[in-house]
Amino acid sequence: MKIATFPHMGDYHVIFRGLLEDIGVRVMNPPPMTKRTLELGCKHSPEAACVPFKYTLGNFIEALEKGANLIVQAGGGCRFGFYAEIQETILRDLGYQFEFKRIFQGFGSMISDLKSINPNMNSRELARVIALNYLKLTMFDRVDSLIRENISYEVEKGSYEKLRKSFLRELARTKTMRGVFRLRRKTLGFLKHIRTRIPDTDLKVGIVGELYMVMEPFSNYFLEREMARMGIKVKRFVTLSTILHEAFGYRKKMRRYVHMGHPYIKHHLGAHGTESVAKSLYLINKGYDGIIHLKPFGCMPEINAMSALHRISKDKKVPIMHLSFDEQTSETGIGTRLEAFHDMLRMRANR
Amino acid sequence: MQSIGVPRALFYYKYFPFINEFFAALGCEVIVSPKTNKAIIDNGLRLAVDESCLSLKLFLGHVNELVGQVDYLYVPMMESVVNDEALCTRFMALPDIVRNTFEGVRIIEPEIVDNNFLDLVRGETAFITRNVIKKKSAFKRAVAAQRFALEQFLDATGYFEILGIIDNNRSTREDKSCDINIALLGHAYNVYDAFIGEIVANKLRAMNVGIKTLEMLPTEDAHAAALLLSRDMYWTYNKEIIGAARLYIDRGIDGIIFLTTFPCGPDALSLELAIRTLKNQVPILNLVFDELESDTGLDTRLETFVDMISLQREARTA
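Order-wise, the sequence lines are chains X and R. If you read the first sequence in the working numbering, its first letter stands for residue 710, the second for the next number, and so on. If you read the second sequence in the working numbering, its first letter stands for residue 120, the second for the next number, and so on.
FYI, nobody ran anything at the bench for these hints, they're computed from the structure. Possibly wrong hints are sitting among the right ones.
Computed Cβ-Cβ distance ranges for the label pairs, DEER-style [what the hints assert, rightly or not]:
{"hint": "1", "chain 1": "X", "residue 1": "938", "chain 2": "R", "residue 2": "413", "range": "43 to 51 angstroms"}
{"hint": "2", "chain 1": "X", "residue 1": "894", "chain 2": "R", "residue 2": "241", "range": "49 to 57 angstroms"}
{"hint": "3", "chain 1": "R", "residue 1": "237", "chain 2": "X", "residue 2": "902", "range": "55 to 63 angstroms"}
Here are the simulated lysine-lysine pairs, DSSO-like style, with alpha carbons at most 30 angstroms apart [said to hold, decoys possible]:
{"hint": "4", "chain 1": "X", "residue 1": "810", "chain 2": "X", "residue 2": "744"}
{"hint": "5", "chain 1": "R", "residue 1": "133", "chain 2": "X", "residue 2": "810"}
{"hint": "6", "chain 1": "X", "residue 1": "744", "chain 2": "X", "residue 2": "1023"}
{"hint": "7", "chain 1": "R", "residue 1": "398", "chain 2": "X", "residue 2": "975"}
Covered stretches of chain X (chain R as the covering partner; in silico rule of three or more C-beta atoms under 8 angstroms from a C-beta of chain R) [unchecked claim]:
{"hint": "8", "region": "757-767"}
{"hint": "9", "region": "829-843"}
{"hint": "10", "region": "921-935"}
{"hint": "11", "region": "966-977"}
{"hint": "12", "region": "998-1009"}
{"hint": "13", "region": "1016-1029"}
Where is the CB? At the ideal position from N, CA and C, for every residue including glycine.
Using the sequences plus the hints, can you model the full thing?
This is the structure:
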């Protein structure tokens, strides 16, 4: 019997699990991320592989240890497109027995990729499943983004987090389109009623950078949560929904981002590098107090963006903090830098 | 006459005959930076983002040599040279990195996607002439020059003489009298750089080891052979490297040295796959160059590797 698993990515496991269960396989969530996950991943990864490779490999090993036998991985972008083959090779060399499915190589193959997981499913039913889970994903990201941008303003500590938890629980249980719309109406209503207070010094920081580092809180040491605790409003554009949407008219969108990054960039920098530059400039021009640029150590497209970001920071006189993560990055180190960044932003705002 | 600066790094090693002929045919003076030296290394390390691979740091060191000495810098944006494949994404950002690192440089930056170099005959070269017919004719000559240079290299040393890398006397052809022959495989901008591959090649020659490189094979063959090792790999240069490994093993090479710089992203993954697949078939050494120059360390590793190959052969014949 197939027991499917997938890599961790924030709370998206609610969506991934839903999708796979709707397709008709048993699902085992990868065990929650811990230091051991990273250690396992590093032990069996090439040294210069980027840290998302190591985290996801660790997820797979831990899930395989617990009995999963079908790994579902995606791919695309910079090195990520090649993860699947090399991770599969490493895991098989370690002696694990499993099936490996790489999905989302492109929209054309999406239906056939998912169908190969459960060949008994007919295409129409599969299309309904995809539509339902896509809807759940876009709603998840909408609610998540709203919470993220307002959580630093909450009057009663924990009010947003409580709502978020119950929303996730209900989302996992929703199995119909109508249920999704009902849940959305309800949740957005509740969100409006949470009391918020915008402080006199309203610090706003944008987060840009590599997809995994931005979306997986364990890997960035719960940066957004820390910033909310410091009373900083956080905005980021990278979500699974935006990534999927970008796949449509990709070239056109990249040209638009290059245009937005003028005159610092004239060409697409690869993967999300262009967007990191474009969105940083956009937010700075909108009056944001600072930008945090997240990436794994060695991430080529984001290193590409750094020359332009250095220039932008210098010209616009807005601090851009570059955080680079590998397995040896200390949590305290990041915490210290964040505190220093916060202090600097406050000083500049109060000047 | 306009002077065009070409940094002796990255795309130079793959495309110089083409670049040189194109701009010379249009009446420009082509100026190349010198072979990698201490000043270039130091400047590169200073100018580049710290996490960049050594190859890119050297590139910026070479650009620095040319800034202020030439009218224009030739720094193309290269995305892919084979359909549905890609180069390392750093090749895409070279013009923008140069733009943001150096003040007031003028850059010729054609966009090369899916091996289409024709952007060169458009706006990027309008400052030389607006006559597209003239530029297309120069383009054709340049393509022919490149092809000729590659053919030259396959049985002699022509290509790399043009690049000024080796003397006319020395040959990187396999010396039939060498007892041990090793394939030195890696990106051309590493294997033929004075600071990286040339040092290794000199040491191997001193040990009387014959050297074979990727460029001694038809690159289409090496590229095609990659499919025997990997189904998903999409980096063109990496496919050529691992395909060459496969082909040399089939031809009975005594050992393979993979040459890479730290922290090369595509190499990290593609060489991991190649080494896992091939290590039972031939002795393999993975040499990772970073900016720290440790001559003794390199000597030890190469001597040990060559000794091991000798010992294994003796054991087999015994």
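We went through each hint and held it up to the structure:
no. : hint                              : result
1   : X/938 - R/413: 43 to 51 angstroms : holds, 45 angstroms
2   : X/894 - R/241: 49 to 57 angstroms : holds, 53 angstroms
3   : R/237 - X/902: 55 to 63 angstroms : holds, 60 angstroms
4   : X/810 - X/744                     : holds, 26 angstroms
5   : R/133 - X/810                     : violated, 36 angstroms
6   : X/744 - X/1023                    : violated, 37 angstroms
7   : R/398 - X/975                     : violated, 43 angstroms
8   : 757-767                           : holds (count 4)
9   : 829-843                           : violated (count 0)
10  : 921-935                           : violated (count 0)
11  : 966-977                           : holds (count 5)
12  : 998-1009                          : holds (count 4)
13  : 1016-1029                         : holds (count 4)
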